[in-house]
Amino acid sequence: MMDTIEKRSMNKTREQLAEMFIKSLDEQKLPWYAVWNTHPQQNAVSAKPYRGINAFLLSMVAAAFGYEDPRWCTFNQAKKKGWSIKKGAKGVPVEFWSAINIRTKEVMDFREAAQKIRDGEAEQGDFRYYNRNFHVFNAAQIDGMPELKRVTPTADIGLIRQNRDTLIKNMAVGFDGNGADCHYSPAQDKIVMPPESDFRDTYGYMCSFLHEAGHATGAPGRLGRGFGSTREEYAIEELRAEIASAMTSQQLGIPLTEEQMQSNLDLHKAYIQSWAQAIKDAPKVLFDAIKDAEQISDYLIDKGEFRQVIEAEQVKEAQEPGAMEEASRDHGEETVKQITVLVVEPGKVPYTKEIGDDWRAFQAEVGGTFQIIYPGYDPVGLVCNDDGKLLGLPLNRGLLDDDGELYDVVAGTFFLVGLGGGGTTVSLTDDQIRKYEQRFHDPEQFIRVNNKLVSIPSSKDPDLHKTGERVSTPRGSFAVTSLTREQMEAAGYGCHHRSEDGKYLIMGDGTRAFAVAAEAPELKKELPRQEISFCRISNHYYAKVQTEKGVEQCAMQFRPGRYFFETAAGKVHMLTPTEVERYMKFVAEEVNLEAVRQQTELLRQKTAGQIEQRNKTI
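This note's numbering puts the first residue of the sequence shown at 1, with every later residue one more than the last.
Just to be clear, a hint being listed does not mean it is correct.
Stated by the list, open to error - Computed list of lysine-lysine pairs in DSBU-like fashion (alpha-carbon distance at most 30 Å, straight line):
(1) K284 to K466
(2) K48 to K86
(3) K23 to K190
(4) K87 to K105
(5) K105 to K48
(6) K90 to K291
(7) K303 to K48
(8) K169 to K190
(9) K86 to K435
(10) K337 to K87
(11) K435 to K466
(12) K284 to K303
Stated by the list, open to error - Computed Cβ-Cβ distance ranges for the label pairs, DEER-style:
(13) L593 to T166: 56 to 66 Å
(14) G492 to I102: 24 to 34 Å
(15) G228 to K269: 13 to 23 Å
(16) D431 to D281: 39 to 49 Å
(17) T576 to G492: 13 to 23 Å
(18) V551 to Q445: 50 to 60 Å
(19) V349 to S46: 33 to 43 Å
(20) D302 to D109: 17 to 27 Å
(21) Q277 to Q445: 50 to 60 Å
Quick caveat, the hints were computed from the structure, so don't treat them as lab data. Ideal placement from N, C-alpha and C gives every residue a C-beta, glycine not left out.
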């Protein structure tokens, strides 16, 4: 299967698509038939069709589960419409690219951004692009969604013949319609096709023609993609052309017959193993091929002036009159029930709050449009601003995978809410509040190590360092924090007054006050801090510490906001902020060294291969 490191670098959408793609190829099936044989997958609210990777994944899932309705929507889209997700339904992750204008802070679809650049309304450097994941549910998994009536699209043969000639003309590519087989000649820049009479029907002819025309788009002066010189490179070019042909045929309403399916499978059996192995070794090969195929398909449709064909098919998609309008109507100003949630703000400890159980209250709480993600296996949703990172909201808390690895960071205020049956949101239980208050209790800071975000303990919040003691002065009673005077001053606290015995300073920030030791006491340390060092064994990092038994090698452990290790004697030792910095520096240096080692090894292998090939040639 895929390399673990590369797998972790992918988002859930790409990981799932790669795995389904490989499985299909291993079963001697061509995965793009799922795209070809289904209606274009579309968002149920906007009615916009999904494209690229999302279209592929949703089509394959729809084919696997027998979903006949091509409409999908997110949890919060369904909630806004008054629809409910069926109990036990599992969403499919899709990716969505957004652009933010760093000057105006305007957030938009990346295609809108591209149009503004083309129109001269903005420059390329004005935008930053961000990719995020959403889980969508099919109409078959949703109660309350209006029925969608449609007919199976079938392309107009006359229009197809006409637009084939238009495509050849506008591409300025050579064409031979009396060849012995189907191919594209890069040397002659010519598409060669047998007569249409050699094919079962015009649809079969056009499938093959679009495949060869897809190859022709790679020539200089068109998309300028190049074709490669090795068998492996040509195999990937075949993959691009096949996917592009399927994408284009679907949009044009060209049906895929059993005969055409079998013919294509026979033609490409020699490549199937190469495709599967290439994607297993580097999933990026698949995503690049889909991206290129989408570009090829758009080019063919544009140059062939196929828009009229597509528009004709859209007219045939006879949607039930008034269905979407009915779903869009406001459901009135009903009394909104209150639910108990756990709010987590950046730099603060979590707290419970009563809010309205509707999308308006959710938006108000996170400061904008929201998404719901799932931090564990409990029926609990994490509601956050879906544009938090784009808007530059402060980083809040990290999200960990099953291995305790940081895979994402939530930006801005978020809250946790219970999930009931049928896609409803409910109050958190007392147990859930306790669990997630503990999970997200400690504020976190984040640093970048080798282009990767890593959480470090936050030492600026006195609440996190309360000793449980209190000090009383004539001006009140104050909780004691273990932070030093210097640390409190760095956190924005100033000295207000001193306790009567002179042992404590009362320090406040205008809203809160804490008691701090006037003089830092001598800390009883079980381990000499200067004797803590770090080492790496394989891909794991350890602390080497002096104990009663001598030097021990202790596994480093992490919990949100803190690093620690545990000796064989069962003693847990927290790392100080200074030691954390030392640890992170050590890890960064080791990671960089490993990268150098890998590059050196790859260069050695490449050189050895070149020498071996030269010797064979000689």
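Here is what the structure says about each hint:
Restraint check for K284 and K466: the C-alpha separation of about 49 Å exceeds 30 Å, so the hint is violated. For the proposed pair K48 and K86, the alpha carbon gap of about 23 Å is at most 30 Å, so the pair holds. Of the supplied pair hints, the one linking K23 and K190 is violated, its CA atoms being roughly 35 Å apart against a limit of 30 Å. Between K87 and K105 the CA atoms are separated by roughly 38 Å; this puts the pair beyond 30 Å, and the hint is violated.
In summary, the hint linking K105 to K48 is supported, as the alpha carbons are separated by about 25 Å, within the 30 Å threshold. Proximity of K90 to K291 is assessed by CA-CA distance (about 27 Å); at most 30 Å being required, the pair is judged to hold. This hinted pair checks out: K303 and K48 have alpha carbons roughly 23 Å apart, not beyond 30 Å. Only pairs whose Cα atoms come within 30 Å are accepted, and K169 paired with K190 is accepted, the gap being roughly 12 Å.
A hinted pair counts as satisfied when its Cα atoms are at most 30 Å apart, and K86 with K435 qualifies at roughly 26 Å. With a C-alpha separation of about 21 Å, the suggested pair K337 and K87 falls inside the 30 Å cut-off, and the hint holds. Between K435 and K466, the direct Cα distance comes to roughly 20 Å. Compliance with the 30 Å bound is thereby established for this hinted pair. Only pairs whose Cα atoms come within 30 Å are accepted, and K284 paired with K303 is accepted, the gap being roughly 28 Å.
As the Cβ distance of L593 to T166 is approximately 58 Å, the hint placing it in 56 to 66 Å holds. Separated by about 29 Å at the C-beta atoms, G492 and I102 satisfy the suggested range of 24 to 34 Å. Taking the beta carbon of each, G228 and K269 are about 20 Å apart, inside 13 to 23 Å as hinted. The hint said 39 to 49 Å for the Cβ distance between D431 and D281, and at roughly 45 Å that hint holds.
Hint check: T576 to G492, Cβ distance near 21 Å, so the stated range 13 to 23 Å holds. Remark: the range hint 50 to 60 Å for V551 to Q445 is contradicted by a beta-carbon distance near 31 Å. Range check, V349 to S46: about 39 Å between beta-carbon atoms, so the 33 to 43 Å window is met. Here the CB-CB span from D302 to D109 is close to 20 Å, well matched to the stated 17 to 27 Å.
At roughly 43 Å, the beta-carbon separation of Q277 and Q445 lies outside the given 50 to 60 Å, and the hint is violated.
Hint violations for this structure: numbers 1, 3, 4, 18, 21, all remaining hints satisfied.
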